[in-house]
Structures are given as C-alpha cells and as structure tokens.
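Protein chains in written order, with our numbering: chain R, 1 to 278; chain X, 1 to 278; chain D, 1 to 278; chain A, 1 to 278.
No false leads were slipped in.
Treat identical chains as interchangeable: a pair holds within one or across any two.
DSS-like cross-link-like pairs, simulated, lysine-lysine; straight-line CA separation at most 27 angstroms:
| # | residue 1 | residue 2 |
| --- | --- | --- |
| 1 | Lys-180 | Lys-88 |
| 2 | Lys-225 | Lys-180 |
| 3 | Lys-225 | Lys-21 |
| 4 | Lys-88 | Lys-225 |
Bear in mind the hints are in silico, worked out from the structure with no lab data behind them.
Protein chains: 4
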Amino acid sequence: MASNLLRAGHEVVVFNRSREKAEALISDGARVADSPAAAARDCEAAITMLTDDRAVDEVVFGEDGIASTLAAGAIHVSCSTIGMGLAKRLDAEHRRRGQGYLSAPVFGRPDAAESRRLLIVAAGPAEIIERMRPAFDAIGRQTFAIGEDVAQANAVKLCGNFMIASMLESFSEAFAALRKAGVAPQAFLEAMNALFASPVYANYGSVIAGGKFEPAGFALRLGLKDVRLLLEAAEGLEAPMPLASLVRDRLLSAMAHGQAELDWCSASLVSARAAGLE
Amino acid sequence: MASNLLRAGHEVVVFNRSREKAEALISDGARVADSPAAAARDCEAAITMLTDDRAVDEVVFGEDGIASTLAAGAIHVSCSTIGMGLAKRLDAEHRRRGQGYLSAPVFGRPDAAESRRLLIVAAGPAEIIERMRPAFDAIGRQTFAIGEDVAQANAVKLCGNFMIASMLESFSEAFAALRKAGVAPQAFLEAMNALFASPVYANYGSVIAGGKFEPAGFALRLGLKDVRLLLEAAEGLEAPMPLASLVRDRLLSAMAHGQAELDWCSASLVSARAAGLE
Amino acid sequence: MASNLLRAGHEVVVFNRSREKAEALISDGARVADSPAAAARDCEAAITMLTDDRAVDEVVFGEDGIASTLAAGAIHVSCSTIGMGLAKRLDAEHRRRGQGYLSAPVFGRPDAAESRRLLIVAAGPAEIIERMRPAFDAIGRQTFAIGEDVAQANAVKLCGNFMIASMLESFSEAFAALRKAGVAPQAFLEAMNALFASPVYANYGSVIAGGKFEPAGFALRLGLKDVRLLLEAAEGLEAPMPLASLVRDRLLSAMAHGQAELDWCSASLVSARAAGLE
Amino acid sequence: MASNLLRAGHEVVVFNRSREKAEALISDGARVADSPAAAARDCEAAITMLTDDRAVDEVVFGEDGIASTLAAGAIHVSCSTIGMGLAKRLDAEHRRRGQGYLSAPVFGRPDAAESRRLLIVAAGPAEIIERMRPAFDAIGRQTFAIGEDVAQANAVKLCGNFMIASMLESFSEAFAALRKAGVAPQAFLEAMNALFASPVYANYGSVIAGGKFEPAGFALRLGLKDVRLLLEAAEGLEAPMPLASLVRDRLLSAMAHGQAELDWCSASLVSARAAGLE
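Looking at chain R on its own, in the form it has when it is part of the complex (with noise of 0.2 angstroms):
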C-alpha cells in the first residue's frame, strides 16, 4: 500500500513494529518515523493497517499513538477489519480533537496490496471520502462508499468475511458428503468453478480440495477473531445471525485441534472429522 502510494507521487512516511520492514520502502522514498505519533505529525492522512481492536487502540490511543500528534483538519483512515464498537469510538475520539476520521477496511491479501488490487470499503462524512479518493485509488482497484456513518464500512467488511467463511463451511460440508460418497474432491470443484465462475470460489475451493494449509493465506484464528467481531456487533445490531454462529463452533473447533495457525481453509477438517474420515 505505502509503495503504490509513493508511486502515485504521494509523499509517505512510514512506522512498523519491525523497522526493518519500514526501511525497505526507503528506496521507493519513503522516510521513516520513530513511532506512530512522528509518523502521523504535520501529515494529511494518517493510514493504519494492523491486526485487530488492540493493536489499533494502542497506536491510535497508546503513548506515542497518532492522535496526539495528528493535526486539527488532518484524517485517521483505519483500514484494519476491526468492530463497529472500536470504529465509533475512533469516530467519536478524533471527532473531539477536531481532527477526522474514516473507516475504510479492505478486501485483498497481500499480493492483491501490491498489485493494486484491493476493494476499499469506505464509510465515514462523504466530503472526507473525497478527499481521501486520490489515495484510495493509488492502493486499489475500486472504492465503495458506503454510508456517513464510519462503523457501517466495518459492518460491511465483516459481512464480506462471513459471506467468505459461509463458503468455506458449504464447500467443506459438500466435500466431506461427497468423499463418503466416492466423488473426487477435485470433480466437484470442477463442477463448481463452471457454475459459480468466481475466482473466490476457484482460489479457496482448490485450497480445500489440495488439503495443504500450510503456509497460511490467512490464519484460522484471524478468521476466528473476524466472526467474533461480526458476532458483536450483530449482537449489537440485535440481528440474529444462525450461519455465522455455526461458522464460529466449527472454527472453534478447529482451534481446539490445534488448528490457529494453519490457513482458515483448514475448518474444512472439522465436517471431515465429524464425518468420520481421516
């Protein structure tokens, strides 16, 4: 995201826990900040991209987080997958110190971040999307504006998440039913690429089929902490929400075999056990 933005000729100064990882983006022209609050000082938009509600309230709200330093007029874009609680509370605090704030999520793994790729989903006062829409289109492929309240790009996200893991369950059930039934995995996906012609379902249909979780593309206890958070605020939200709960147990139950680290296309061993195969 930083080089595509110092592609397009914005001037970008970077801070990563591991500084190493900052320095690489020296050459691109990067310079590099100290901590969050350096990072953020006399700059228009301040771009956060961490791992979940924690990580981004201590470098927002932490000593040295980049709302003591950010400027009055200046923005806060998140583009963690963070709750809808967090984002209001973002809203609400930068709101106070008269500086802005966006939620802007994305969809995208990283090689989709480098190559431009990425869907925004953008919520938050549509003048401060305007004006954030010259970045946004230097790291992405299409921008989705959403509403003016910030926490509904955060909705929006986590529901894209769970229309993903929803996938994932149905394939893993489909698979397992279909293993008992003699069906070679790789037939059925075949079947299913010609009727869904997604590339989601081809990707993550052939990671369930190949059965190889390792690397993780995203790991299952990522995916886990996403369906908890959707659960939150749809309890929030008082909607009740059946299929992501059943997507919640069966991750669970991945995590209980030691599954956190392996690519949440391993829940699909979870219909496979209680199916009685392996």
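With chain R's structure known, arrange chains X, D and A on it following the hints.
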C-alpha cells in the same frame, strides 16, 4: 433441450403431460408420443426431465412407463434432480432389464436450457457417458463425468444446489444485519460483486436485494425438496451437514409463512423477520 | 406388558418373531399364536409394540397381518414409536375395515414396562380410549388422553423423546466445556441433580459422566430414527425445530464413528471430539 | 441472603445502591454502610451479589471499592453470575493485596434466597471454602465445592444456566410443533411432568404454556448476558457449544422483537413465530 437436440440433427420423439407443450416442438421436427412408453419405444436413448422422485418413478415404472418399452441396450438418461436412493433403484431396475442407465442432472434455469448453456453432471459406465456425449453437447455447454456409480451425479447435483442455498442464507443474514446498521442492500451487493465476481452472486444477490419474489424463478417448495433429498443422501452417507440443516429450517419457516410458491430467494425474509424487520 | 395384562386378569394371546420370547409367557397364562393374524383373530384389542414403521407396516398390513383378521369393532392399539404419517394411514385403513385404531405410544424402558411404570400417551376417539383404559391401567402408571386425532399421540411421543435428546446434547456440551476447565463431570452432575431434581437427569447424566455406553439401554441408531421421524413430522407441520436438527447432526456424526449400537448417551462423544478431547 | 446471615447470628454490614433496600435490613440487625469500601472495612468476608461483570468490577476496583479496604486475610466472596475472565482477575488482584477470594455463584430465584434454598457453587482454596461454610449454610440448602480454580465455579454456574436455557428451547420448539398438530400445550406439559418429574420443568414449562411473561422472573436480556458469558468462556476453553449458539440466536431474535424486559421464557415466542404462529 428437445429443440437443441433437433437443431443438432437428432431424431426426437417427445412426451409431455401438457400435450400442447409437446406439440409446440412439431414445427422444429419433433414427433409427439401419447405416453412415455410410446416415446421410448425404438429409441436409442430416453431422456427424462421431471419435477421430483415421484414423477420419475411414475414415468419410468408406472403403467405406460418407459421401462416397459425401452429396448435392451438402449439408455435411460435421467436429468431430473432426484435422490441417491431412486438413482440406485433406476440403475438396478434398468440393468435387470438389459437397459442402460445414466444419472445426468443439470445445472441451469430454463433460459440456460434454451440457449444451450446447461451444465451436465453425468455418472454411470464411462462407455455409456461417451455414447451420450453428442446429445450432451447438443444441450449443454459442459459435461462433467463424475464417476461410475450413477448416484454420484445426483449427490453432486444436490451438493451444487446446497452451495447455492448456502449462498442465499449468507446473503440473507448479511442483508438483515446490514439493514439494521443502515447499509443499503445495493451497496453491499456491489461490494460483493466486486469481491466474488460471480454471475450467480450477482443474479441471486440482486433478487434478494430487490425483494421481488414473484414470479418464481425456482419455487421455494422445490428448493426445500432438494435440501430434503440432500439431507437424506447425507444421512445415508453418515455425513452431518449442519449448514444444510440450517437451510432446511429456514425454508421450512418460509413455508410456514405461505411462501411455498415464491422464489426460493424469499427465504431471505426469514432472516429479516428474525431480526425484527418488516 | 403382556405379563401385566395377564396379572390384571386379561386373556392374552401373544405373537413374537422369536417364538421363545412368546413361550416364556405361557406359564403366566398366555396363549401363543403362530402369526399376527392368528393372534388378532377373535380378540377385542390387538396391541402392537414394534421397532419401527416398517415392522408395524408388515405386522399390520403384511401377509398374515392383523388387519386381515381383526374383527369389526375390535381395536388395534399401536404402542410403537412411529411417524405421524403411518399413524394416519393405520387410522384410515382400520376405519375402512370397520376396525378401531388408537395410537398409544409409551415412555419407559423395559424395566419400567415390567414394573408397570410406563407412561401411556393415547390419542383417538375418546370412547375407544375409555374402552382401553383397563388395559392401560394394567400396564402403565398414568395414561394421557391427548386428543381425537391419532397422530397427536405420536407427535407427543416424538417430542418427548426430543426433550430427552435435547437434555443429552446440553449435558454433552456442558461436560465437554467443563472438562476443559478441569471440572469433574461428577461435580457438575451433582449440582444439576440438586437443581433439576429429576430422575431422568440423574440417570442419563450419570451414564454420560460415566462414559460406559455398552450394553445400550437404547441404541443410538434407534435414537436417530426417532429424531428423523420427528423432523419428518415437523416438516409436515411446517414447524422448524433447529434443536432437533442439531441433535440429528450429532447422532449422525456418532453413526459415522461406529456408535450405532452403543447407547445413545454416547452422542456425548461428539461434543467431546469437537472440543479436541480424547 | 443478608437476613438469613443475620438470623444465623452473623454480624452484617450492608451496602446497596438503593439505600432504602439496605435500610430495610436494619430492623433485622444489619448496619448500613455508605459505600462498598465502608462495608468491607474490618469484616472477615465481603459478599457481593450484583447484576453483571461491570457492576462487580466497579464495586470491587472502583473508587470506594471493597478492594481498597478489605483487610489482608479477609475474603471476598463473589456470588454474582460473572465471566471466567473476571473471576480470574478478581482472584489475581485480591491475591496481590493479600486478600482471599472465592467464586461462589448461586442457583435460585429471590424467593429461594429468602427461604434459604439457594444452591451454592464454590471454587477456590479448599481452606477458604471451609472457612466460609457457616455463612454458606446460613444462606443456602447445599454447597458444592467444585475445585481450587475460582473460575471453575463460574463455569459451572454458566453451564447450569445453559442447561435451563436449553430446556426452554426444547420446550419452545416442541410446543410450537405440537400447537400446529392441534395438541394443547397443557396436555404435553402434563406428560413431560410425569416423565421428568422435575420442579424446574414444571415451573418453566408452565410459564411457557401459559404465555404470561410479565412481570419477569428473570429478564430475557439477563439471560442473553449469561449465554454471552458462557460462549466467551467456551471460546476461551476452545470448546464449541452449538446448542448455546442456538440459544443465543433465539434470545437475540427475541431482543429484536422488544422482549428484553420480558421473562426469558418468552424466547418461546421465537419458535412460535418461526412456525408462523400468532
């Protein structure tokens, strides 16, 4: 399907309970028979495409059924979505009579059938599948040879429908939660279309988002029938499919609300009602 | 049941597929018949107690079935756990022959039958229930007249078994989680016994906590059969029962692990395995 | 509980946010304190009984909280239904201050508390449990020493509530299906009372069958809170509890229909609505 067979130069005799529908094919070169038995006499292959297990049972084994006239060595190709049990019985009964049998259920709505875009999932003796290939090529865009056991094709078809039904459920839950968060269904759908890039997601997602469930592209009670067949198959295979159970319960709630003849996308109303919407 | 009828002074003719079992009752005063038809000839009431729908169908409507000899005005009392559909068919067929019919399934294991502690759930014409009351009083401790529609008794029996199966599932999940918290099953069971003060909880809870599932008090595959009958009934009634679906999936997973002939309390192993125990 | 302690001859200082409630105990011999801190000063044991985690956190660690005044060697006994996480934190924090801590949640409604029929589930150092036994004997009818790890008592309490909630769900589904079969709830309830012979089934079953959910014996939103705490505990233990997930989703649907302050038995309306009743 009959039109496309005629167009490809095959000789076709048709039977339909509504004789007018059969007669509409006369101008394309079809002959019309008075009964399944009459239609199947002297042909190389009898292709059946019917609503459910009971209809197939009757058309094949009933008085004037095709089993009574199909020549030894001729083939019955069942394209209907039927259960694994019936498929096995068809196979055994035809075998006993010296007749051939293939399960070859298809994916695709009537418009796909008209435009030769059906996907054909075939199972049975490889030699018979090859013999039928010209006919399959005439009616579909791709044929998948799944295996030697005829019921495998039916299992794959039922699992394919389950994949679609699961997608409906995930859309339904996401839309319901997001509506309570103030996000327009259309906004979420656009993001999902960019993410999945699948015409199936685009079509179904748009029907759910639009909320227009009449006339039905696929009646909800038929969707329920397919899930029931899948669960029976899965029980026979001793493979639990909790997501299929969930989908069944949603469709059943829709039935209880008088939605039997609505499009099965109207199952989305179940999630909406559970969330207190409408 | 036959012994208790004899003890109460009733005249009893018995038929059992294993003739020895029938003959064991001769010393109590029973006569032994060579077929269901022979047993039902000249009696006031024919009481059937069989494993499943198929067995009842055969014993009633098969060659030498009781329907062929039961006198007009005599009553068939079906005590088996069967589906609502078969109950309705029995009612209609007996009616057509001028014979009476009652559904009167019972709650209670063999030892409860021996000691006259069965609970009898009867449905059918009130007048016929009254006529049968002396017989019911001879075999059970309480008779519940549920309604005029015979299938209602079967629905109540299936729902009662579902209540027990649900309790098994809740115990199973609690025991599994608590074992991972280091709590001994026995310690939890004692608290639950104090809380629920129910012999059913005490008995089943102790079997699960003890983990000894052979010999089976009630075979798991029969438990699955009952849940299947319940789900069919619920589908006919258009009433979703997600907890019954969950129980079915758990029993199915147990079947996949070879537990068909173990006690259905062994369904608890499914929760244990899902939690990574054992 | 305070009255019963006084009646047993203990010296009691009370604090309640609603001072009137505390003052009502003066006639029984209680002294009234102005803050939790004041109440806890100079006592042997501080017993807290509060609504939720947040209230316990505040009363213990807040300004004027009991942690600030409880003497070294004195014991904090937490009787509230709280999460395993908070229990562990309470244990660690009190330990750090040289204070003792027990988790001792109770089963029983207010009337059970009044009549000394509470069930007490205690965990912590055996020696401290013994030291508290006279107090436990004064307020309850039985005390269960679950283990040395304080959070075990909380896990047992949450699982016990889950057992009750599961029973509610099974009753709800059965009643809904049976109503559609024309069976009166009361008729089913009588059979279940004969079968389970449990006062818990009798009481809850009768509330559900009666359909009167106000005033609430236990508010539905508090039931949802307890299930949430259980699911958090189960996630920490890596033990999937799909039945708990189902119960949570039903309670959430009830919340969406404005039932937060109704009795949690009103969760039965969710099954009724899903079946198209009302």
